[in-house]
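Residue numbers (the numbering used here), protein chains in the order written: chain A, 1 to 939; chain B, 940 to 1052.
Read the hints as simulated data drawn from the structure, not as lab findings. Hints may be right or wrong, so weigh each one.
To be verified - Here are a few chain A residues that sit away from chain B, every Cβ distance over 12 Å (derived from the structure): (1) Met358; (2) His451; (3) Val495; (4) Ala535; (5) Gly592; (6) Asp695; (7) Arg855.
Claimed, not checked - Derived list of chain A stretches under chain B, where covered just means 3 residues or more per stretch with a C-beta under 8 Å from a C-beta of chain B: (8) 84–95; (9) 606–615; (10) 735–743; (11) 901–914.
Said to hold, decoys possible - If we take Cβ atoms under 10 Å as the criterion, some of the chain B residues that face chain A in the derived model are: (12) Ala941; (13) Ser966; (14) Leu988; (15) Gly999; (16) Thr1014; (17) Val1027; (18) Val1042.
Positions of the beta carbon are idealized from the N, C-alpha and C atoms, including for glycine.
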Amino acid sequence: MTASLLLIVLLAPFLGAPAMLLLQRGHRRWAAWGAAAVMAAALGVLAPLVPRVLAGEVLVARWAWLPEWGLDVALRLDGLGLLFCGLILGIGLLVVLYAAYYLPDEDRLGRFYAMLLAFAGGMLGVVLAENLLLLVVFWEVTSLSSFLLIAYKYEAREARVAARMALAVTGGGGLALLAGVLLLGQVAGSFELSEVLARGDVVRADPLYPVILGLVLLGAFTKSAQFPFHAWLPAAMAAPTPVSAYLHSATMVKAGVFLLARLYPVLADTGLWMVVVGGVGALTFVYGAYLAMLKDDLKGLLAYSTISHLGLVTLLFGLGTKMAAVAAVFHIINHAIFKASLFIAAGIIDHEAGTRDMRRMGGLFRFMPWTGALAMVAAGAMAGVPLLNGFLSKEMFFAETIGHPALGGAASYLLPAFAVLGGVLSVAYSARFVHEVFFGAVPRDMPRTPHEPPPWMRLPVDVLVALVLLVGLLPQVMVGAILGAAAAAVLHGAVPPFTLAMWHGFNLPLLMSAAALAGGLLYYRWRHVLFALHACLLPRPGSTVAFERVYRAAELGAIRAMAWLDRRSLPAYLALFLGFVLVLGLWAWRGGAPAALAGPLGWGELDLLTGFGLLVLVVGAGGTVLLHRRPLPALMFLSLAGLMVSLGFLRFAAPDLALTQLSVEVVSIVLLLLALRYLPQLAAAESGAARRWRDAVLAGLGGLGVAGLTFAMLTRPFETISGWQISHSVPGGGGTNVVNVILVDIRGFDTMGEIAVLAMAALGLHALLQGLRLPPAAGVASAGEGEPMPVMLAMLMRPLLPLALVVSVYIFLRGHNLPGGGFIAGLVTAIALMLQYVAGGIDFARARLRVNYVRMLGAGLGVAVATGLGSWVFGRPFLTSTHGYVDPPLLEKFELASAMGFDLGVYLVVVGTVMLCLTELGAMSQREAAAPRPGQAEG
Amino acid sequence: MALVISMAVGLLAACGIYLLLRPRIFSVILGLTLLSYAVNALIFLGGRLGATAAPLALPGARGLSDPLPQALVLTAIVIGFGMTAYLVALALRARAETGTDHVDGADGPEGER
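Looking at chain A on its own, in the form it has when it is part of the complex (with noise of 0.2 Å):
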């Protein structure tokens, strides 16, 4: 029941999503109360959770999704689970009312509220996942929704802009956190929160500590726009307010905290997360600050004041004490309220008044009166005014500095100052927000005259304002029991006793706090001085241009180098992989000596045989390269090269081979010389010396390692493995010729994968010359106009036909016990059979001739199958083989064993792709197309 609710929580706003974009096609308005449905119903399903989940119970819930990666979807409510679902909820309920206002008449709802619920959807993952690599995939969800968010006015460069750099930035911490989690998982051994959350003493103890932190807190500090990382958040104030209101105050740039709230009881109680979170946290809070005051834009400024906010969170949480993470979690909350609220007005003010410069309005307070008292309320909690909600964990905060453990004697002066210094700025920039928005003189050329906007569409603001209000006032009977909820599942554990409290007497954070207020004032006083010597000292391009720069030189550099790597051109593909191989492979072999590349075994005599074999190979393969360019030449050679290579496997005791090598040599220098008439017969040298050079050397290198490697192989002694092989070659598969015993019924399925892959290079080849028209090279005699057919050949050949067939029947029968089989008789079959078409022409051989060759592989490939099906009738694996001996009259007694029918289906394959390639490409001289005219230069 908990599970199922949990899981319609998370899945209420995706099933949504699609649902937007059917419901625009009614009313505008459609798709905002179809959001406000969804959001609404996930609060309502929440509710009956609440008062478990207050009473201190975690709530989790699993289903197995990839279980051998640890990957489940395993969700997980706890109090600080419960306190962000509210926020992301219930604030997305009040955003998605106040967008229907908001965005223009013109605007088609259904494309924003799709992505709106596209990203709760996403934040209510993030604070909902059990597990923590499904954490990462909804964080990738929110960097996604919210990029698509902040281009939603995708028509203006700047939305463009704002939304590649947010997700630049956030997606990029987005991948270090993935890293960082990865880390985590192995180190923590489990990637389930309850058991990280247990093991904090292991992952802190380990080396890979400091790396996991820093991955870590890479993502958070940039999805909660630390400093440096910043940038992206008032760049993405091109997006529609109720955007921003949403995004930027309560959510996506809440997640980053929320992470390091999430694994404070992991990673955080040691003096490095102290310094960098501290750091960071304490360096942003002033830095944003500061700069929220120099902001002319009603939204810049409060994007500087929320990175300045959470720069005070993130240093809440890197103090490292109890109360301090109570007062992080309060602030958030806080945060949340009064931002939200602010942010909402501006859009209202920015709605009526039609700009959003602070230069150009003033006095607006005497136009949207309840508006701007509502904008001034939330102002003071921002600047910590007393009885409002921010002064409550501003005033925690403050205490928290004071006395802090890790600081002693003058240093402990320090924090408390810095504190102050950031609640001084705090305090000028709202009095700035206040002050110049509405009060002052009219400027004239205001865009419009402004008024109250519609009741509904400041609804929003009535709410939180309240909140703020009751907040402040009745602190522990509005957020008393979240707090602790939330605290404690921060801390992970005892939650020091808090009370909150309006009034706390007269001490040194109330001191603090006015302070901080009467500094503020006299600097708001005085701003004019800044403003000059900031003009005249930091003359810089924005931030937005500088991210541009860097952006377009990283894209004009993927370039150069896609450029320099891709020539568009195969031999260079194929010269960067050779080297890129060549590159690896001496690497590999890197402080070696040549030495060291013989073994131990004898390099054995070489006799005057062997060594004339060799030279001839020699001779074939050079000459091959050397006449390259004039193709006939170059294939007799390497026919030469063929030819020794077939001898040598005859020298080395595998007559096998050297059959099928020789009658491969044969239909493949034929196949050749077939192609030739349709290539150029002399190709024009083209490659310059410096590439031949480069390839040579490449060519070098790479026999070098081949002839090392078969060196090293050759001297170096072995166990072969393929005794069991021989000693079950008669017994099991009832056939002396291991190789053939080993084809077709030991490795028996791997050679009908090797017939299948013959069957299809011939479909293939078909299917490519099929009706391909092509005129002959120059220089070749085009059809018709050739020599007669040889007539001693013909007459030779004819009666040699039959003759050459019973040597391959003989071949292919004796296969099973001496070198033979169907591959090589298949091959002498077709040999005979081409030379049929050789000495009598296409025309006389198809005639006498009648087979179809694709149904012949068909068939081959059918008989193969149906052996091996066979032994199924015999409640036998497939491809099982058995054997006998048949003793029919006249014959000698021979063994026939069942694989010869899976020989049979070898045979009828090989014949049928080689008689295919052959008579295709044979064909093709009936319908050439015209020859080329002379002159004509050859392709």
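Since chain A is already given, all that's left is putting chain B on it; use the hints.
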């Protein structure tokens, strides 16, 4: 003998690689054939040189060569034919479509493509 044979195999590979990097399709086909000779020989030599008899499991047979690499190479040789045939078909088709036998489908303007 081991050294000379290794050098021969290396030379086959070197010639194959050099031709593979040429810009004309027919050279590439030749190179691929040479390279497959080298690779087949390398796998085959995994059974070493010392054998004196073909791998026939006859009674009393001694010094058999290793049948396993031979079985692997045998199918590799036949599949090599299938690959060559397919490549040839591809080359002819490409020539019909692009009008050139250059592997990049177009003659480079500076002849260096």
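The hints, checked one at a time:
no.	hint	result
1	Met358	holds (60 Å)
2	His451	holds (69 Å)
3	Val495	holds (70 Å)
4	Ala535	holds (55 Å)
5	Gly592	holds (16 Å)
6	Asp695	violated (4 Å)
7	Arg855	holds (18 Å)
8	84–95	violated (count 0)
9	606–615	holds (count 5)
10	735–743	holds (count 6)
11	901–914	holds (count 3)
12	Ala941	holds (4 Å)
13	Ser966	holds (5 Å)
14	Leu988	holds (6 Å)
15	Gly999	violated (12 Å)
16	Thr1014	holds (5 Å)
17	Val1027	holds (4 Å)
18	Val1042	holds (5 Å)
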